[in-house]
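Chain order of the listed sequences is A and B. Going by the UniProt record's numbering, the first sequence opens with residue 1, and the numbers climb by one from there. Going by the UniProt record's numbering, the second sequence opens with residue 1, and the numbers climb by one from there.
The hints are simulated quantities; they were obtained by calculation from the structure and are not laboratory data. One should not assume that every hint holds.
Claimed, not checked - Label pairs and their calculated CB-CB ranges:
1. B:Lys471 - A:Val20: 57 to 67 Å
2. B:Ala173 - A:Ile271: 48 to 58 Å
3. A:Glu49 - B:Lys169: 51 to 61 Å
4. B:Glu205 - A:Gln57: 33 to 43 Å
5. A:Gly27 - B:Ser88: 47 to 57 Å
6. B:Arg98 - A:Ile271: 50 to 60 Å
7. B:Gly365 - A:Ala149: 43 to 53 Å
8. A:Gln57 - B:Pro258: 34 to 44 Å
9. B:Val74 - A:Ala149: 48 to 58 Å
10. A:Leu302 - B:Gly102: 53 to 63 Å
11. A:Leu174 - B:Asp108: 44 to 54 Å
12. A:Gly73 - B:Asp108: 39 to 49 Å
13. A:Ala202 - B:Gly256: 43 to 53 Å
Said to hold, decoys possible - Just so you have them, the derived chain B footprint on chain A, three or more residues with Cβ under 8 Å:
14. 164–176
15. 262–269
Even for Gly, the Cβ is constructed at its ideal location relative to N, Cα and C.
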Amino acid sequence: MAVLTLLGRRLGAAVLLLGVLSALTYGLLLAAPGGPEQVLLGGRPSTPETRAAIREQYHLDDPFPVRYARWLGDALHGDLGTSVYSREPVVTVIADRLPVTAGLAAYALVLTVVVGVPAGLLAAMRRGGRLDQGITLGSLAALSIPSFALSILLLYGFAVRLGWFPVFGEGRTLTERITHLTLPAVALAAAQAALVVRQMRAAALDLAASDFLTFARARGLPRRRVWTSYALRNAALPVLTVGGLLLAANLTGSVFVERAFGLHGLGALLIGAVGQKDIPVVQALVLLGGVIVVAVNLLIDLAYLVVDPRVRKGAAA
Amino acid sequence: MTPAKTAAATAVLLLATACSAGGAAPPPADTLIWATTSAPNSLDIAHGFNSASTLVQAAVLDSMVGLDERGKPVPRLAAGWTQPDPASYLFTLREDVRFTDGSPLTADDAAFSLRRHLDPAVASQAASYFTMVKKVEAVGAGQVKVTLRRPAPAFLSVSAIAWQVVPRKLAEAHPKDLGSPEVGTLGTGPYKVSRFSLTSGVVLERNEAYWGPRPALRRIEVKSIADPETLRLAVRSGEVDGTSDLNARDARKWTGLPGVKTIFYPGDNISYLSLAVGNGPLADVHVRRAIAYAVNRRAISDLMTAGHGAPAAALLPAPMLTALYGSAPPPLPDYPYDPAKARAELARSAHPGGFTLAVPYAGGGDTGTVMQAVAADLAKIGITLRLEPAPADQYQSRMMEHDRLGIQFVSLAYGTPEPIEVLPDMISRASAQPQGFNFSGYGSAETDEKLDALVSATGEDAKAQVTALLKEIAEQVPYIPLFHTDNAVALSERFTASLGTWTTDMFARIRPAGR
Numbered sequence: 001m002a003v004l005t006l007l008g009r010r011l012g013a014a015v016l017l018l019g020v021l022s023a024l025t026y027g028l029l030l031a032a033p034g035g036p037e038q039v040l041l042g043g044r045p046s047t048p049e050t051r052a053a054i055r056e057q058y059h060l061d062d063p064f065p066v067r068y069a070r071w072l073g074d075a076l077h078g079d080l081g082t083s084v085y086s087r088e089p090v091v092t093v094i095a096d097r098l099p100v101t102a103g104l105a106a107y108a109l110v111l112t113v114v115v116g117v118p119a120g121l122l123a124a125m126r127r128g129g130r131l132d133q134g135i136t137l138g139s140l141a142a143l144s145i146p147s148f149a150l151s152i153l154l155l156y157g158f159a160v161r162l163g164w165f166p167v168f169g170e171g172r173t174l175t176e177r178i179t180h181l182t183l184p185a186v187a188l189a190a191a192q193a194a195l196v197v198r199q200m201r202a203a204a205l206d207l208a209a210s211d212f213l214t215f216a217r218a219r220g221l222p223r224r225r226v227w228t229s230y231a232l233r234n235a236a237l238p239v240l241t242v243g244g245l246l247l248a249a250n251l252t253g254s255v256f257v258e259r260a261f262g263l264h265g266l267g268a269l270l271i272g273a274v275g276q277k278d279i280p281v282v283q284a285l286v287l288l289g290g291v292i293v294v295a296v297n298l299l300i301d302l303a304y305l306v307v308d309p310r311v312r313k314g315a316a317a
Numbered sequence: 001m002t003p004a005k006t007a008a009a010t011a012v013l014l015l016a017t018a019c020s021a022g023g024a025a026p027p028p029a030d031t032l033i034w035a036t037t038s039a040p041n042s043l044d045i046a047h048g049f050n051s052a053s054t055l056v057q058a059a060v061l062d063s064m065v066g067l068d069e070r071g072k073p074v075p076r077l078a079a080g081w082t083q084p085d086p087a088s089y090l091f092t093l094r095e096d097v098r099f100t101d102g103s104p105l106t107a108d109d110a111a112f113s114l115r116r117h118l119d120p121a122v123a124s125q126a127a128s129y130f131t132m133v134k135k136v137e138a139v140g141a142g143q144v145k146v147t148l149r150r151p152a153p154a155f156l157s158v159s160a161i162a163w164q165v166v167p168r169k170l171a172e173a174h175p176k177d178l179g180s181p182e183v184g185t186l187g188t189g190p191y192k193v194s195r196f197s198l199t200s201g202v203v204l205e206r207n208e209a210y211w212g213p214r215p216a217l218r219r220i221e222v223k224s225i226a227d228p229e230t231l232r233l234a235v236r237s238g239e240v241d242g243t244s245d246l247n248a249r250d251a252r253k254w255t256g257l258p259g260v261k262t263i264f265y266p267g268d269n270i271s272y273l274s275l276a277v278g279n280g281p282l283a284d285v286h287v288r289r290a291i292a293y294a295v296n297r298r299a300i301s302d303l304m305t306a307g308h309g310a311p312a313a314a315l316l317p318a319p320m321l322t323a324l325y326g327s328a329p330p331p332l333p334d335y336p337y338d339p340a341k342a343r344a345e346l347a348r349s350a351h352p353g354g355f356t357l358a359v360p361y362a363g364g365g366d367t368g369t370v371m372q373a374v375a376a377d378l379a380k381i382g383i384t385l386r387l388e389p390a391p392a393d394q395y396q397s398r399m400m401e402h403d404r405l406g407i408q409f410v411s412l413a414y415g416t417p418e419p420i421e422v423l424p425d426m427i428s429r430a431s432a433q434p435q436g437f438n439f440s441g442y443g444s445a446e447t448d449e450k451l452d453a454l455v456s457a458t459g460e461d462a463k464a465q466v467t468a469l470l471k472e473i474a475e476q477v478p479y480i481p482l483f484h485t486d487n488a489v490a491l492s493e494r495f496t497a498s499l500g501t502w503t504t505d506m507f508a509r510i511r512p513a514g515r
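Starting from the given sequences, assemble the full structure and let the hints guide the process.
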């Protein structure tokens, strides 16, 4: 029952959020200089008739509320419109690119968790030792390198010099896709893994002094058991939060990495569409971003319930 | 195995799978992988009149006429043409030409393919090319008659670029989205489209039933790589065989790549400074001349083209000047770099002590580099440019809206050898409106009349009229021509190419080396 209330409240908030988000984006795009004429005229000399025809076809002379209401009406009927740039339905445009970005985001998240969580735990277990210092220093370095610079380094080293990975593109089959996305995922995950390492280390250190860990140790439980079953589970809450936010960020904002590796993902699409005033595409992407953030947050909250019995009890009460 | 070991083993396995697929078998010799920095967005010139899109269009669609290596119109889908009077053309279609779906090409298809560019509902990007066209009709078997509003010799040249022939049925069914990834297109050209997507690229297969010379390449894949450095690494690694999207300025990064050759040839382009003559200090012709003397064009040309270009002497692309005047261009008022003369001109203006001007420019890219060089040159004569960087999109939008025009750096590329393609952009009053390319705002009823007369002029008469206009521009200095850039192509040594300024069908000119 508690879960249903949570879901209901979240759904209401989500609808409100998406409404505000779409109106705000639409308004900001209209307020920015220029319009879709640039793309429609192809940056070429044009005739007054063509310009007039375009203004009429795309209702460019209507006031903001009318244009927004028209878009909203269509969107509520499930019609997100047609891309000004490619003249494809927006849904197709996004569906073409979503698998690439989703694959990249998931791959990067897996790398982040697989590397970040154990490394953070290890650092906490060996607090102040050589290993801890090494891991902390490494994470500092990873945090400091901008992703686009790391991308070029990885490309030069692993794709051009060693030839292990392809330079660009996303591949067509599953194996090709994994090959193509490996370097981008590493580039994207590096800083994020560093973040998780620090988060994990801090969370685990907080726990290290707690009574239940001292008691567990006093009972003579093996160190591995103490850290994985007791500390990891308790440190999981903050890490879950960070991980979820990272996933949401990757799904909407991996633009530098996408560009460096010649990937046609949502980040590159959004940047292009904003520049071209391709309003239907921008609107759909902003809505998608909103939905992703809301959904991921909801999933995190549900995961809290699963992971932590205290939260479960609290929710029930 | 402990969980940690399992995880480690899985990771190693995953990496091994990932690595093993890296070294795929080399593609067959007659497959070309080409890359562009922006993806072709439409296979219809009405909605994709840009270099990446026209590259693919030219491989798939035939135009009625072509351009030879000197830029002269030659027959293509039209076997020939006559001019019943100076303002009309009668084209005779080549016989037995079929679209790649097997349907025959008709005069009706050819006529409709031109007529549609005049339809405001299509909102064609090529509409401004064909404003002189009054009527297009299919007459008799295999003939198309084009009636112009008045004689316009440039009609044939622009037709070579933009009169691509598509089936009427298809074009009529899709006025707005012909050529989109969903609709695609159908042509009679040397290649047919086997896949078109904005993300995974274009795949072209040879049209085995092509009426013309058999193209040497069997398959062409066009990919898009937005980042210039990634593009270079892709060519270097051999994953991409060629690209024409390298900047002449970065040529030295490309000339040393192993297994890759670079090809340079004169481009039909001009880069210049536009001076808004409407108000402020730039309204004073002496100020404009002072700026012309003060700007070191040779230095900017060297900076921007790294030797693969040259300073511009007149406000027309170099190949246009060559096509018109041969090797003997007429003398025009010139402003060789001379700070002393610049100061003297400034002293004669209303601003003898110099002035400060806010200059918005697109941060990053060529505009920023040129404007910084110009600002340094002008500082020497007391003109201070307050450079205000703006995001490229915003700068571009504002410039096209003719908002805050002052001193702008502009680079334009053209398709034909006809000066009439350029001059109205620069000095007609119609182009001084928002979305037009007359950023100086220069122009009068008188210049409009001269441009109007030039449309119908031929031979020596046309030459004299162009000279007069170029002279007026040089005297009044609404623009300062800066430089011409070569077109550059990087191509794997596995291929050879014969390319020139007027090459439109680039893929037909590339073949495997040694054949």
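Hints and how they fare:
1. B:Lys471 - A:Val20: 57 to 67 Å: holds, 60 Å
2. B:Ala173 - A:Ile271: 48 to 58 Å: violated, 33 Å
3. A:Glu49 - B:Lys169: 51 to 61 Å: violated, 25 Å
4. B:Glu205 - A:Gln57: 33 to 43 Å: 35 Å Cβ-Cβ, so the 33 to 43 Å window holds.
5. A:Gly27 - B:Ser88: 47 to 57 Å: For Gly27 (chain A) and Ser88 (chain B) the Cβ distance comes to about 52 Å; the hint holds.
6. B:Arg98 - A:Ile271: 50 to 60 Å: violated, 42 Å
7. B:Gly365 - A:Ala149: 43 to 53 Å: violated, 20 Å
8. A:Gln57 - B:Pro258: 34 to 44 Å: Violated, since Gln57 (chain A) and Pro258 (chain B) (Cβ atoms, about 51 Å apart) do not stay within the stated range.
9. B:Val74 - A:Ala149: 48 to 58 Å: holds, 50 Å
10. A:Leu302 - B:Gly102: 53 to 63 Å: At 58 Å between Cβs, range holds.
11. A:Leu174 - B:Asp108: 44 to 54 Å: Since Leu174 (chain A) and Asp108 (chain B) have Cβ atoms about 48 Å apart, the given range 44 to 54 Å holds.
12. A:Gly73 - B:Asp108: 39 to 49 Å: Given a distance of about 40 Å, which is inside 39 to 49 Å, the answer is holds.
13. A:Ala202 - B:Gly256: 43 to 53 Å: holds, 49 Å
14. 164–176: holds (count 10)
15. 262–269: holds (count 3)
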